[in-house]
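Residue numbers (the numbering used here), protein chains in the order written: chain A, 14 to 510; chain B, 1231 to 1655; chain C, 14 to 215.
Some clues are possibly wrong.
[Unchecked claim] The following label-pair restraints were derived from C-beta to C-beta distances:
1) C:ALA104 - B:LEU1248: 43 to 49 Å
2) A:ASP24 - B:ALA1600: 58 to 64 Å
3) B:ALA1555 - C:GLY151: 38 to 44 Å
4) A:SER118 - C:ALA121: 20 to 26 Å
5) C:LEU154 - B:LYS1295: 35 to 41 Å
6) A:GLY79 - C:ALA104: 36 to 42 Å
7) C:ALA121 - B:VAL1313: 49 to 55 Å
8) A:MET48 - B:ILE1616: 18 to 24 Å
[Said to hold, decoys possible] Covered by chain C, per the in silico footprint, the following chain A stretches (three or more residues, Cβ under 8 Å):
9) 226 to 239
10) 332 to 338
11) 361 to 375
12) 467 to 479
Think of the hints as simulated: they come from the structure by calculation, not from any bench.
Built from N, CA and C at the ideal position, the CB exists for glycine as well.
For reference, the chains in residue letters:
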Amino acid sequence: MPPEIVIPAIDVRVIAPMLTIFAWATVLLMVDLFMPGKDRKLTGYLALAGLAVTALVTLAVQPAPGTSRTSFSNMVVLDSFGTTLTLILLLIAAFSIAISINYLSYHNIEMGEYYPLILFATGGMILLGQSTNLILVFLGVELLSITLYVLTAFFYPRYTSEEAGLKYLLLGAFAAGFLIYGIALIYGGAGTLDLFEIGAFLNTSLAVGSAFPPGALLVLIGGALVLIGFCFKISLVPFHMWTPDVYEGSPTPVAAFMSVGTKGAAFAALLRILIVALLPFKIYWLPVLGVLATLTMLFGNIAALMQPNMKRMLAYSSVGHAGYITIGIMTAGTHGTESFLFYLLAYALANMGAFAVLITLERRGEMAWSVDDFAGLWKRYPLLAIAMATFMLSLAGVPPTAGFFGKFFVFAAAWEDGQIFLVFMGVLSSAIAAFFYLRVIMRMFMDEPVREVIPIFNRGLTITIGIAVVGTIVFGLLPTPLVSLVQNSVIALGVGG
Amino acid sequence: MDIFLIVFLVVQVLIITLAVTTGFAYLTWYERRLLARFQNRVGPNRAGPLGLLQPVADAVKLFFKEDVIPTASDKVVYLLAPVLAVMTAIVIWAVIPFGCFNLNGDHTACFDPARRDEVWNALQVAEVNIGILFILAVTSIGVYGITLAGWASNSKYAMLGGIRASAQLISYELAFGMAVLSVVMFGGTLSTWEIVLAQEGLWFFFPLILGFLLFMISATAELVRTPFDLVEAEQELTSGYNTEYGSMKFALFFMSEYIKMIAMSAIATTLFLGGWRFPGLETLGDGVAALAGPWPAAIIVGLVSLGSFLLKVAMFLFMLVWLRASWPRMRYDQLMQFGWKSLLPLAILNLVMIPVVVVLVPDNRYIQTAILFVLGIAAIFGAARIGGRGRVKSKVELVQPVAEGKQASAASSAPASQQTSGVAS
Amino acid sequence: MSFELFMFLVTAAIALAGGVGMIVARNTVHSALFLLLNFFAIAVLFLLLHSPFLFAIQLTIYAGAIMVLFLFVVMLLGVESIEDRTKDRLAGQLWLSVVLTLILMVQAITITLLAEPAESQAQNTALLDQLADPALIGATLFTTYLLPFQITGVILLVGIVGVVVLHQRAHLYGPLSETEREFAEQYAAERTASGQPAEQAS
């Protein structure tokens, strides 16, 4: 007879957010199947409701400040960092769905499966933010990626969309190879996949002998490979080549979702790996990340400078922003984590808003997204122009927007940590970035319209743009509540189960 | 001792290989005679008594045929394909227990799962703890022979046959695997030996009636026999994947098909009909042991169990021939629809049903069996009803609009329009 | 030389030959078959490690499912050898791959040499036999690794949905309309003009 299997005690609260979102997505798939007619807007609204329910669940199960819960043989942890990140991710997903609802039918690519796929991807992101085991990190990355491969190729008759899907798939598979090989090496060295145990292993094995023990060497090599795998996902230079093409080809809401959601989740997982498991190796990864961040900031912003295509420009700008976020990750020991969360939220608001404005101007069957479309926008649609200007200023980091405080906190944390050079490079690249952000504003306010562009407004877009503008300005003027929120989130990160 | 064991193993393997090869030869005779009966003919009856020498004559004929290798073929793969096909068909036999002849001379150990180590069974080559998985693995590799033969021949018919074969085998492997897994679930083991022992007093046929049906359907598809034999549909594809093969190479494909057929029957016997078990076998062994001692008992149990196994296999073979005699061939789209939309959901239902019943009705195999039997029958009939509902009753209705269009365009020629309307009605 | 070591060396040689053959073969189907050989050899290696379970899984999943699909696609599309392999499209990739392989080998050898000596052979074998028990693997999957197991299920679901979505679109919307084709052509022309690789506008 087979042995009796005793399933260990499970704390469902720990996985409650992702459980809710997965369950909702699965049920939504079935509901969508039996929904009559071709109109799929209801599915979108139901998906939004699912996000709201998930947010409520997240709030209901959030741990007391400074504490954390682990379960499933310590594979997942629920701490306030995870909670805050989950809420930000849910907000991003909600924005993405809100701007998709009319976009899909307008471009004749409406299929009900779109919304459950977004929910699944969000679930994968939440998983990434909470997992403390490398298996789960890998599964989270895969869940997220496989969903996004499909979503990027969603724009059926458009060749660029297929191209984007294929490029993303091939590079994603390539990156997954690095990631899994690195994880295998780490397992070979440390004998465990648990982040806390890897950290403990490194501490003891490095403390024993003066020479480099083989186990720790393996973990070092494996860690480097894992880092490369993540660099693809968060598109750090020189692993960013796919970014502009994929963003340009994919449906605009998906590009918006990817540009903030994927980055946020992958950075969070990387943060946990670096801080919890590989902290003893800080002397090694710090300079590497420093070089990567510098390259990314400079290259991303310089490349964006030359782009006449708004979508590609935003893609390059997202590459540049990945560099700033990397600085936040590097200084995670001190104030980096909070600056990371703040930056992520500010960037999410501004970027989602900018993509939403792009969607209002996007025409059926067109693939231009030219900056020319923005010329003279102020004269015809002043509110839209003001909104876009706000987002551009926030992305450039000009006060009084949330983006300014995001950059400020990141640089402050780096300064405190002694990374003077990085701060200098960051400020320099911000100055470069300001050029092309301000150029858009100039064209909107100073130039005459080049051609007739009729923006499409609908409820989802308007509300998204509205919330994004209000958020950007309010957090720019009154960052204190947000700062206290993210400050509370940091404390639990290092606590082990 | 080690050398002796290895020699023994080699002899065992040789005997089984020879036995299944002979089995193949006489299966062709069996099938042809039976088919003839079904079709009111006599069948082969000239070579030897009852035509029993017919397989020998066939073999001699095939041997003396010219051995042709098409010039445009991929030689190595072309030659490799039949070898692969036969190899996979024969390798399956390694884990099937044909009976229990305990060479330690103790027949009682045959019936006790706890005393597995005391059994040195002459009638099973390898007893591994993953016998079922081995069977699944080898069946899944069986596709290669057919696919590669189709590709390497570099001929349209063969290619189409090969592609059809791979699509079909992949599709039906799912349902096949799931049906087998239901046995694993109910029996609680992956070893073929233990599955046979677990069927003490209760053949799995009864609780797993749904699984049995799924197994038989998907096994027939895996064997590419009627009604699933469109891989070699002679009206469309000449002979399918083996069109370009002649002489012994063709014979090898032929052989692999029939050996697989016997193997599938043997697997079905092992999984669902209690394998070599036969009611009263243990009592018989005990009686002989009391009369004549342990060794005669072991021998008698061995022989009777082998006989019972072969009897059950022959019954399955009869069923397969019967199927071939009575069913028409399916269309390709029907085949895929049936596999993915009917068989697979049923297989999943089966896999869900069993653990639910086993957990909710604990500790009584017979009540579980009764419930599962009723549920299984209900599922079969329900599926048949649902499957039959959407069937298009008459193709003519679909043709009509086209015919009307033709009628409109060719309105001037009255006889033509009359003809079309005649077809439509 | 023990029987086990002999078997290992032979199988490992076959595995390597399969791997090399896969890369060197000109014909895609031959490549696939060499890879199949490699899978078989690795399955046998699992058997030598006293793990019939992994042997069966390796055969079923890699040889029985994945490679069959590969072959199926290659045959269906008829892409056995559409590409002229005589010219290396990425200059120097051969030598780079050789160097990388050497690095990998050095790495593997170093690690093997540096690793602590294993405990007695008999103890290892007993442990292996115990670990290979499929019931134990199942129990571990459902207790310690319950969450990854479930998440894998979600990933598979997403994969299935994705395939259906990508396949269904074409059925729902049919071929390109005239305007869409025009846009595609215009776009391709623009890309060619701007020096970027042109796309097929068919």
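The hints, checked one at a time:
1. Hint check: ALA104 of chain C to LEU1248 of chain B, Cβ distance near 58 Å, so the stated range 43 to 49 Å is violated.
2. Checked against the given bound of 58 to 64 Å, the beta carbons of ASP24 of chain A and ALA1600 of chain B, roughly 40 Å apart, lie outside it.
3. A C-beta distance of roughly 43 Å is found between ALA1555 of chain B and GLY151 of chain C, which places it inside the suggested range of 38 to 44 Å.
4. For SER118 of chain A and ALA121 of chain C, the hinted distance range of 20 to 26 Å is not satisfied, since their beta carbons lie about 55 Å from each other.
5. Remark: the range hint 35 to 41 Å for LEU154 of chain C to LYS1295 of chain B is contradicted by a beta-carbon distance near 53 Å.
6. Taking the beta carbon of each, GLY79 of chain A and ALA104 of chain C are about 57 Å apart, not inside 36 to 42 Å as hinted.
7. Checked against the given bound of 49 to 55 Å, the beta carbons of ALA121 of chain C and VAL1313 of chain B, roughly 34 Å apart, lie outside it.
8. Between MET48 of chain A and ILE1616 of chain B, the C-beta spacing of about 22 Å keeps the proposed range 18 to 24 Å intact.
9. Coverage of the segment 226 to 239 of chain A by chain C holds [criterion: at least 3 residues with CB-CB distance below 8 Å; count 4].
10. With a cut-off of 8 Å between beta carbons, the segment 332 to 338 of chain A has 0 residues touching chain C; three or more are needed, and the interface restraint is violated.
11. Under the rule that three or more residues need a Cβ within less than 8 Å of chain C, the assignment of the segment 361 to 375 of chain A is violated, with 0 such residues.
12. Remark: the segment 467 to 479 of chain A is not confirmed as covered by chain C, as 0 of its residues place a Cβ nearer than 8 Å to a Cβ of that chain, below the required three.
When held up to the earlier numbered hints, the structure conflicts with 1, 2, 4, 5, 6, 7, 10, 11, 12 and fits the remainder.
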